[in-house]
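So the chains spell out like this:
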Amino acid sequence: EPEVTQTPSHQVTQMGQEVILRCVPISNHLYFYWYRQILGQKVEFLVSFYNNEISEKSEIFDDQFSVERPDGSNFTLKIRSTKLEDSAMYFCASKLAGGFQYFGAGTRLSVL
Amino acid sequence: AQSVTQPDIHITVSEGASLELRCNYSYGATPYLFWYVQSPGQGLQLRLKYFSGDTLVQGIKGFEAEFKRSQSSFNLRKPSVHWSDAAEYFCAVGAVNNDMRFGAGTRLTVKP
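Chains as they are written, first to last, in this note's numbering: chain A, 494 to 605; chain B, 1000 to 1111.
Calculated cross-link-like contacts (lysine to aspartate or glutamate; reagent style EDC-like; alpha-carbon spacing at most 16 Å): (1) A:LYS535 with B:GLU1087; (2) B:LYS1077 with B:GLU1014; (3) B:LYS1060 with B:GLU1019; (4) A:LYS535 with A:ASP579; (5) A:LYS535 with B:ASP1007; (6) A:LYS571 with A:ASP555.
These are computed hints drawn from the structure, not numbers from a lab.
As the structure is a computational prediction, the values presented were derived from the model and not from experiment.
Construct all of the structure, not just a fragment, from the sequences and the given hints.
In structure tokens form, the structure reads like this:
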């Protein structure tokens, strides 16, 4: 079965550093998403992306965050200057038009 | 605005006992409804989904969920719980080309 792949599975960084979380969506999917789950809390929507632009974003997705689909297969989430409170599990998801979202296994980000 | 409520933060059941996890949603139209399972440190695994049609949805491992429009609910049930069912369960609501909203989750503990 096709799957969404996220790398790395665990990323450790120092506060103030930039991080890029990578996702390879399912190849024929057109809609892409990032979600965040702070430890012990619920999964929260960050951003959706379609046709090479952001279609919706939450209040969490501030100027420190950006997304990109650099090469037609990868979908990345960049955090420009990480804060301690950015420590969380980050999930990527993708879907076809009219379909439901497939989630990746997540990247655990630890900001020290 | 769409939202999901899972009233039970933590449920403990004995192995072999029946299980019902509650989920209530708020949505302006007929929603897509989902149940995801998350084991510690792992990603989100889709267990069940409801788009339309038969309101009783059968999933794997003996799980089922029933959509009740009049109660705005999508409760997850299993007649006989196994120790391997212990996990965090998230109910989610979404729509075509929209992001998803997750409930806060219900942690299931299974007693031997």
